[in-house]
Structure formats: C-alpha cells, structure tokens
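Student: If you follow the hints, you should be able to join the two separate chains into one complex; please do so.
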Amino acid sequence: MLRSRRRSLATRPPLLAESTLVIVAVPERLAAVHEALERFWATLDRVLPSRLQEAMRLQFATAVIEIANNIVQHAYPPGSAPGLLQLQLRCYADRVEARFTDRGGAYALPPALPSPLESEGGGIMELPEAGMGLLIARAALDRLDYQRDQRGTNRWRLVKWFAEPAEH
Amino acid sequence: MDAHVDVRPDGVAILHLRGRLDLVTAPRVKELLAKTVAEGHPRLVVDLAEVSFIDSSGLGALISGLKAARVAGGDLRLARVGEQGRVVLGLTTLDRVLRPYATVEEALAGY
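Those protein sequences? They're chains A and B, same order as listed. Those letters in the first sequence? Residues 1 to 168, per this note's numbering, in order. Those letters in the second sequence? Residues 1 to 111, per this note's numbering, in order.
If we strip away everything but chain B, and leave its shape as in the complex, we get (with noise of 0.2 Å):
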C-alpha cells in the first residue's frame, strides 16, 4: 500500500491510497487519516482510484477517519471508488455515510 497526502491551499487534505486497503495496510491508513486530521486537516478527501481490494478492516479505518474528521469539524469523503469498493460498501450500507465521489473535484465541492 502507497499513501501520500496533498494539502490543498484551502486546507482539504487529500489523501492518495494505492494497493489493497486491507488487514495488512488499514492500521497505516487509519494512522495516516488520523495524524492528518491532528495536523489541522478534518477537511479530507480520500482517492481510492488506484485500490483495488477492500476489506472490512479497511472499512473500519475509513470509518475511524470519518470520526476523527468529526470530531474536528470535517468530513471524510471517498472520491473514485472501485467497483470492488462499491460493492462492499453496498453489502454494508456504509455507503450512506461513506458516499462515493465520481471524481476528486466532485468531492472537493462545497467543501
């Protein structure tokens, strides 16, 4: 799993995840979500472009970052969701709280 995030000018913080989000790689990326969000960045956006697997661990680590962001006055949202990623977000109903974004733009607006 490669994560890197980019601040925008404006704050949001966009978080670029690549490779499966699972057992193995959740407790970075919920580290990572977290340290953001401490930074001063509960404004986040997280690209799931280039993930191809995710399991229920990686669902808890957006779960966590979506508190976390809260917590804080933010928001976490999921821009350019793989159909893998939208069907276990569909088995679990998370996805009325984790809304898929089309695109990062999509995601960016309004926030």
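This is chain A alone, in the form it adopts within the complex (with noise of 0.2 Å):
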C-alpha cells in the first residue's frame, strides 16, 4: 500500500457500475481509456443518487490516465512485443476503483515523491519534463496500489472516496 487514508477497504459495499476495457497498449490506443471513462461517468449518473463533482471525475481521470501512460511506456517499452491492457472501472457507493492488468515487464515504483518545485528548490531550469506521471496519480487519488504476482501479471488499483472521510 502506497497511500491511504483512513477509511478500510475491508468492508465491500455494494458494487454499482462496473466496465471493462482491454486495448492493446500502444500510445495510439490511449483515446479508447477516455472513451471508457466518458461511458463510465455517464453510467454513474444513472446509478448514483447524485452527480461527482466535476474535481474528483477530473482526478480520478487523470490518475487513470497516468497509470495507463505508464503501463504503454514501461510495462511495453518501445521495441518490445505488444501486449494487452485490462481496465477495470468500478464504482462502488463510497468510492471509485480502476484497476489495471497487464503481463509486461515488472516495473520499480519509485518511492513518493514531493512535488518537482519543492525538490528542486523553485529553480525552472532543473524542472523535470518527464516522470512526473506518479506523483500525480498519487496527488489526486486515495490510494494507489502495485503489484506483480507470482505470474507475471502486474496488478494497479486505484481509488478514489466520494468524499473525505470524517475526522476522528
């Protein structure tokens, strides 16, 4: 577990809308991952008893969006054998799950990170202009998630709460 906060994810409430995307996990795919989210988020309309707000669907998104930027990149690096992505969207009544498979390469999540200004002390000319795709999945979710099984099959869930959980 890379980030949580405090809610438990041992008590599964009921599972609401679930979709399933597998693309080939090429750049030039990546669209379809926008597609799926527009269809999920429109399911969600339908099924929960009130809009998301507009800045959870956008982090979320984005999130989803930089795990699958990952896996195209590093899971099946340019040269490699093309493989599948699996995204699963889920959403349950207290939260919003992706979950990713795969069978490319292992990948070494780096440790958290803080953000590129404070590392590099404000100056623009050391900002970094690549690898800053976990550090903002890790800004805009709950908890993220990484592991490859016994297989070979790499495994990323990520979550998001409907709202902050209340202070204890």
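Hints listed in this document are in silico derivations from the structure and should not be mistaken for laboratory results. Careful: at least some of the hints might be erroneous.
Unchecked claim - Heads up, incomplete: computed chain B residues facing chain A, CB under 8 Å, no partners named:
hint	residue
1	M1
2	R28
3	S57
Claimed, not checked - Per the computed footprint, the stretches of chain A lying under chain B, defined by three or more beta-carbons under 8 Å from a beta-carbon of chain B, are:
hint	region
4	22-30
5	51-64
6	68-79
7	126-140
Beta carbons are placed, not taken as given, at the ideal position from N, Cα and C, and that holds for glycine.
Tutor: Have a look at this one:
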C-alpha cells in the first residue's frame, strides 16, 4: 500500500457499476481509455443518487490516464512485443476504483516524491520534463497500489473516495 | 491535436492548441514551441481553450517550452486553461511557474 487515508477497504459496499476495457497497450490506443471514462461517468450519472463533483471526476480520470501511460511506456516499452492492457472501472457506494492488469515487464515503483518545485528548490531550469505521472496519480488519488504476482501479471489499483472521511 | 502559431506585430507568439496534450501529441508540441523560440519569438502565450486534457507528458512539453523561452530571454504563459488542466497544474504545484491567465489578453498584458 502506498498511500492511504483513514478508510478501510475491508468492508465492501455493493458494486453499483463496472466496466471493462481491453486494448493493445500502445500510445495510439489511449484514446479508448478516455472514451471508457466518459462512458463510466455517464453510467454513474444514472446509478448514483447525485452527480459526482467535477473536481473528483477530473482527478480520478487524470490518475487513470497517468497509470495507463505508465503501462504503455514501461510494461511494453518501444521495441518490445506489444501486449494487452485491461482496465476495470468500478463504482461502489462510497468510492470509485480502477484496476489495471497487464503481463508486460515488471515496474520498479519509486518512493513517493515531493513536487518538482519543492524537490528542486524552485529552479525552473531544473524542472523535470518527464517522470511526473506517478506524482500526479498519487496526488490525485486516495490510494494507489501496485503488485506483480508470481505468474508475471502486473496489477494496479486506484481508489478515490467520494468524500473525505470524517475526522476522528 | 491541431496546433497553429500566430505571431503578433510586437513579436509575441500565440500558440493555439486543440485536442489532448498527452503522451501522443506532447513531442509535436514541444518541437513547435522550440521552433517558435528558435525563430526569434521567445515570448509565448499558449492558448489552451480547446485543449480537453493535459497529462504529465503534456506538462513536460510546456515546461520544455518555458525553459527554452527563458533561456532566450522570454517567457511562456498559459491562457484559458480548462478545468482538467488546472487540476494537473495544481496537483504538481506547477501553477506557481506556469500561472494560468484567464484570457489571452491578460496573458499578453505587460509582455
């Protein structure tokens, strides 16, 4: 577990919506992930009692795209054999989740880093031009997990709660 | 991604982008920004009104353009950033160096 706020995933409320997308993991197919997210939001507008906050949708969608980018770039880097990426989008009563699976190369998940401006002392010329995807995903989500199982399947799990949990 | 550049009489170049600024399109935008600076227009405004999505690669292209502009004595300013773009700039705190202007005119003021 990389990042967790106070809530527990142990109890699972009813699954309200689920959609699955399988694509070839190449940059040109990432548009399909955007389209899957659009369809998912349209479904949630029907099954949820109230419309999700726009900021929350945008943060979740941004994180989903960043992880999809990550898989395309690192699990199946240019020059390697193309492979598939599966994305499951799920909505429970209290959260949305995205689960990615692929059978590409293993990913070495770096530790959480401060924002580029903080880590580089504010110098514009030192700002990174790549590698910000995980930082964005972590900042946008409540929880981000990555595991590789013994059979060589990479599994990402992205969680965004509907509202901040009550303070204790 | 559609992109075109308007150079004003005062030399400021306005880049109008349309579509997604992402893994697929960022290299082209980076190249266009570098080319515009190299052609003698280091004062840049990037109009993002028609950009629906910016990812980390897109941010990287904008940062690359900002650096090129600064090295040449200019700057890169963002105008009409959409909601998702503001989310990404906020999550990375890059809005401190790529401050979004509400309109192209505001971005041009004082250039």
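Student: Would you mind marking each hint as holding or not holding in the structure?
Tutor: We went through each hint and held it up to the structure:
1. M1: violated, 11 Å
2. R28: violated, 12 Å
3. S57: holds, 7 Å
4. 22-30: Contact hint for the region 22-30 of chain A vs chain B: holds, 3 residues under 8 Å.
5. 51-64: holds (count 6)
6. 68-79: holds (count 3)
7. 126-140: It holds: at least three residues are needed, and the region 126-140 of chain A offers 11 whose Cβ sits within less than 8 Å of chain B.
Figure legend: structure checked against the earlier numbered hints; hints not met, in rising order: 1 and 2.
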